[in-house]
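Produce the entire structure from the sequences given, and follow the hints as far as they go.
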Amino acid sequence: MVTIDLAATPVRQANGLIREAGGRGEDVRVVNPDARHHIGVGLTDPITVRVKGSAGYFCAGLTDGARFEIDSNVGWGLADNMYRGTVIVGGNAGAIAGVAIRGAEVVVRGNVGSRAGQVMKAGTLCCAGDASFMAGTMMYGGRIIILGDSGERLGEDMTGGEIFIGGKVVSLGADAMETDLSADEADGVMAFLDRHRIPFKGRFAKIVNAGAKLRYGTAEPRRRSVPFFVAAGQSDYWNARIQEDIYVKSQIGRYRIRGYGAGRPMPHLNDIAFKADLSGAGSGRDPLSRVTLATEIGGKHGARPLELSMPVMIAPMSFGALSRSSKTALAIASRLSGISENTGEGGMLEDERREADQLIFQCLSGRLGWNIHDMQRADGLEIYISQGAKPGLGGQLMAKKVTKELARIRGIPEGIDLRSPSRHPDILGADDLVIKVEEFREATGYRIPISVKLGAGRVHDDIKIALKDGFDFVELDGLQGSTGASSAEVLEHVGIPTLAAIQEALDALAEIGRAGDLPIVLMGGIKDGVDTAKALALGADAVGLGSAAIIAGGCIACMQCHVGTCVVGIATQDPAHERRYDTQREARNIHRYLEAVRWQLAAIIDGLGYTDYRQLSRDDLVALTPEAAAISRLPLMPESGRVAAP
Amino acid sequence: MCGIAGILYKSDAEDGELGKALIDMLDGCQHRGPDSTGFAVYGRAVAGRLGLRFFVGAAPEATIARIRQALADHGASVVDEETVGDNYRVVVAFDGDVQAFAYAMERAAKLVSIGSSLDIIKDVGGAHDVDDRYGVGEVRGSHGLGHVRLATESDVKPEAAHPFWATGFADVAIVHNGQITNYWKMRRQLEQRDFEFRTDNDSELIAVYLADKLAAGRPLSDVLETSIDDLDGTFSFLVSTDDEIGYAKDRLAAKPMVLYETDEMVAIASEEVSLNRLFPGRALDTTEPAPGTFGTWSRST
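Going line by line, the protein sequences match chains G and P. The opening position of the first sequence corresponds to residue 0 in numbering that gives the first Met the number 0, with each subsequent residue numbered one higher. The opening position of the second sequence corresponds to residue 0 in numbering that gives the first Met the number 0, with each subsequent residue numbered one higher.
A couple of the hints might just be wrong.
Said to hold, decoys possible - Counterexamples of contact, computed for chain P against chain G with all Cβ distances above 10 Å: (1) Arg88; (2) Val90; (3) Ala150; (4) Leu189; (5) Arg250; (6) Glu287.
Stated by the list, open to error - Below, a sample of chain P positions facing chain G; criterion: calculated Cβ distance under 8 Å: (7) Gln29; (8) Ala46; (9) Leu283; (10) Ala289; (11) Pro290; (12) Phe293; (13) Gly294; (14) Arg298.
Simulated from the structure, these hints should not be mistaken for laboratory data. Idealized CB from N, CA, C, for every residue including glycine.
Have a look at this one:
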């Protein structure tokens, strides 16, 4: 038994000692905890940790296999994302106790705060006292046992799992209903209570998902779809796409879902150009040998940075939206080109991890597929706040794609129309976010860069929060960013264009005297090396390529990603469709495309007379339209109203 | 974008080590807001006297001269004055209309607070930085509030720090964690009634909104209950008057708040870690106020 005194030992050091004790199989006693945060975070050995007092936020968070006994109270996020293991709390728990647990048994002998068990997947959360507001909100599985009363809106939008409540139900949440429980279920609950020596006499009510909101009533009629590149770039008013859209809506009476991003005209990198004479570009035999493109990103707080052979990343795209084969092809191509791959939502694939040299693991609001083991073998962690395609909204994955394997990795029921929440359970402001970032650093020993993905909405404020909350870099995603499924209304009309987003971000950092202090990876409609060079010259530190990478890998851009029957085997989970995808061939295609991007970038830099991409600056650019000039404040060329000198 | 704290010593017989308690609580949650720190402290009121605190900056002579002139113009005679850090603190004898007087002083210089017992001390930096500059730790008093701020929507300036004084009303202060989304709608309603605002900060709005209702003679508990309906957004806030503190929490329970009460005192903070700073090594029997609730405590007489 090791005793750690938190009055004398900082939590970061204490967590190191707890993990070391775990390695030796030795139990730990923590004294003078005084409600400090992150106690035991990241522990993956089956030891017992006794906390002699109160613990703060995320106690036992991101752990697997240990037993935690806390004498008194705990703060927010008890047992966050805990796999196996047990947590016993003698007092009360703050908000989101048992958030996103994936199998653990969590017992709180007192009351639990609001939103207990939010997005939990499996395991049991038991509260011997009363539960506050919205227990079980958006839970996907497992069971919650409440011996006392509920707060308002019990089981709000729960997808799966059960809530057993012994006291009064103040009110049920949306899409939740009360149902009978079987004798077996009642016995199971009583056996759990007996095992934890919790006395209870009375009857339980069982609350489950009512199923009224999970499915769309009418499927979209199948018509020959209009390819994205036909739909984009035409008149905004009346065209073949509008006609088709009106017809389909007349049949279904609701919004439509599609893949891809905004295609309608708006100010973009196309509307700016290089001012200098580029006629020398490409005339040299090998611009690649004369220009430095390699860079590191993510090391500003001491983590091991990502090493990129050029300032380009593969943008986050999920296994789920995309097939295993296409994710694997992206991973191979990222390795061959010396850049990073990103898991997107929904967990890390073995093939992807094996093939990618540098893999960023993305954490979303539903915590689908999120777990301590994959965190520890990632090369970067990314907290997704929102994305350019649908800033502020959650995600949608249609039932056809929610296969057995995918459901297993994500920890959810098979075959549901899966909605991811729009908000993180434990990030409701910059003050919570700073504690979340610290939890991730504790869980991974401060080794791995942590970034934040922001869809462009209120960039001016968000970028300052990203800086102040200590992120290593930010992925900024403009309105033109794509997705596997969203409503066309949001895709085309919500958010701020990529060009405006980068300008707003740079202005906001300059305003507080911190220009250059937060690396920005710009995404959203960046399609090649020319766009990349322009983004870098504007002030981005790197770019993310999403749509361009999958088009290079065989996507025909039919925009039917959400349907699940992708004809080329990319946006599908159906083995019959996925067989059409030749992973090795497409990986080489994506790699070749990335090398073309590299060549374009090098040729432009070389043509401008530079030897390093960091020499690119705004002075190299002009705006071609008044709109682009107004947004970017670049000089408008040709200058309007210029009078020839007499 | 912040952390909040408040404490009230229940017995009127004795003042507590208020400054030291608030510094400890705020240091405990400084991770929630490293940019600036502030304190609203309440001492003993003297009849007919008002304390005022101004930001006067690094070269204060001209500003202080302007303040002295404005005080004289409004019939306030200086009883005591000092310059500390970037502040000019003055106690005056005054018995006129506080609101008109306060607005006039606001125009003369950057007024931090006004009150017969309230004094607000706030500046950039952490709790100990502000203590080093202003000697907060020596302050004894009956009750008070504290705030740590992470600046996002405005600059890191001392005047953007919290707590906020209810502009125009003596002795009312607020600390707030959250975001009021019907800010402009409510502000315009108050501005139509000639209330003035010195910042675009939603905490100042809550302070003025509450103080206006208190000035009409309504009890604090009643005013807090109404505020839960009137304010839209996410909030956990603490309010103090010359002899009470209270809290209100939004119905979405989006912002944390933990409470610990004994026979002698009540302490409320964003996180239990702050409360434990007052009682190191002890497991406290704390409670988390429920969504959509409020509470008040007053000095016993």
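Each hint, compared with the structure:
1. Arg88: Consistent with the label, Arg88 (chain P) stays out of reach of chain G, its closest Cβ about 30 Å off (over 10 Å).
2. Val90: Per Cβ check, Val90 (chain P) is outside 10 Å of chain G; nearest 36 Å; holds.
3. Ala150: violated, 8 Å
4. Leu189: Label holds. Min Cβ-Cβ 24 Å, cutoff 10 Å.
5. Arg250: Given that some Cβ of chain G is not farther than 10 Å from that of Arg250 (chain P), nearest at about 8 Å, it is violated.
6. Glu287: violated, 5 Å
7. Gln29: Not OK, violated: Gln29 (chain P) not within 8 Å of chain G, min 11 Å.
8. Ala46: Since chain G brings no Cβ nearer than about 41 Å to Ala46 (chain P), farther than 8 Å, the hint is violated.
9. Leu283: holds, 7 Å
10. Ala289: holds, 6 Å
11. Pro290: holds, 5 Å
12. Phe293: violated, 16 Å
13. Gly294: violated, 16 Å
14. Arg298: This interface hint is violated because 28 Å lies over the 8 Å limit.
When the structure is compared with the earlier hints, violations turn up for hints 3, 5, 6, 7, 8, 12, 13 and 14 and for no others.
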